[in-house]
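Novice: One letter stands for each residue in the lines below.
There are 2 protein chains.
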Amino acid sequence: MGSSSYVPSQLTVNNLEKHGVSDRDGVIIVDHGSRRQESNLMLNEFVKMFRDRTGYPIVEPAHMELAEPSIKDAFNLCVQQGANRVIVSPFFLFPGRHWYQDIPSLTAEAAKEHPGISYIITAPLGLHELMVDIMNDRINHCLSHVAGNANECEACTGTGKCRIYD
Amino acid sequence: MGSSSYVPSQLTVNNLEKHGVSDRDGVIIVDHGSRRQESNLMLNEFVKMFRDRTGYPIVEPAHMELAEPSIKDAFNLCVQQGANRVIVSPFFLFPGRHWYQDIPSLTAEAAKEHPGISYIITAPLGLHELMVDIMNDRINHCLSHVAGNANECEACTGTGKCRIYD
Chain A
1 MGSSSYVPSQ LTVNNLEKHG VSDRDGVIIV DHGSRRQESN LMLNEFVKMF RDRTGYPIVE
61 PAHMELAEPS IKDAFNLCVQ QGANRVIVSP FFLFPGRHWY QDIPSLTAEA AKEHPGISYI
121 ITAPLGLHEL MVDIMNDRIN HCLSHVAGNA NECEACTGTG KCRIYD
Chain B
1 MGSSSYVPSQ LTVNNLEKHG VSDRDGVIIV DHGSRRQESN LMLNEFVKMF RDRTGYPIVE
61 PAHMELAEPS IKDAFNLCVQ QGANRVIVSP FFLFPGRHWY QDIPSLTAEA AKEHPGISYI
121 ITAPLGLHEL MVDIMNDRIN HCLSHVAGNA NECEACTGTG KCRIYD
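Chains A and B supply the protein sequences, listed in that same order. One point on numbering: in my numbering, the residue at position 21 of the first sequence is 21, and numbering is uninterrupted. One point on numbering: in my numbering, the residue at position 118 of the second sequence is 118, and numbering is uninterrupted.
Hints in this document: simulated from the structure, not taken from any laboratory. Be careful, since some hints might not be right.
Copies of the same chain look alike in the list, so a pair counts if it fits in one copy or across any two.
[Stated by the list, open to error] The calculated DSS-like cross-link candidates involving lysine-lysine, where the alpha carbons are at most 30 Å apart (straight line), are: (1) Lys112 to Lys48; (2) Lys72 to Lys161; (3) Lys112 to Lys161.
All chains should be modelled from the sequences, with the hints used to inform the complete structure.
Specialist: Put into structure tokens, the structure is as follows:
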């Protein structure tokens, strides 16, 4: 999952044509889940971004714990929309207990109710070269803001946090 | 921080020239910290990727809690290497208590020991359009693997996890 596994976007597009998500695949994007409703709502926003940018027909959010919808709820929704395969995509940076154990166990439990529907759990996100670009972009945006050349991003808007502390 | 704030990479490069990290900036990449040493070591790997890909001269890892080095340790190391400004970049997906309170508080504490050194804390990473591309790339790679056309990524190697469950 280090830099050697980075797939340039052109290759990604070509592979997608061969092995990508089909109309009969459902994608579940699952985060940990939070007691803060604000954080749970951000997953919905990410799912919307994901749908818009990829064009995949069936994409559902789920929280591993602490909040609804559960993985089971999302699995049911995918099947109701016609999915015959479910791709569970953890919105987690690193592999850890949740990725190794909890998400597979909850997904197996959800799948029991749907014989004939297969599923796969994808890798965590963190060690991808584009993650460097995201962090670099955040740094650049913050420095541009304090230099007076960019608005605060949505995370900081109204908090007054995006500033140089002397 | 939604899709409207996405900065195409060409713009990023241009802005970096104007407002980017200079030789006198130190970057601290801070994650939560884990009792699992394996997870802490992944941050070191990310820091290496970040150094290699950006070319920034001073980049240090730190864990917010549960593991060393601390934010204070990393801040000291940045100053020792000549930084007169420190950019604290949280390796977190969403803004939450750690981003709002804990990291700012720990950074303020660390900065107290270095009068004249300014700092800034950057935004969380999650709602960035490139994050969609990372997740899409993970999905594509997993599906290519189960189709027999790609190796397991590093997260799955040896675990036998990257497969279709029927």
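Novice: Would you mind marking each hint as holding or not holding in the structure?
Specialist: So, going through the hints one by one against the coordinates:
1. Lys112 to Lys48: Classified as within: same-chain Cα gap 28 Å, cross-chain 42 Å, threshold 30 Å.
2. Lys72 to Lys161: between (38 Å within a copy, 20 Å between copies)
3. Lys112 to Lys161: Cα proximity of Lys112 and Lys161: across copies only (18 Å, versus 47 Å in one copy).
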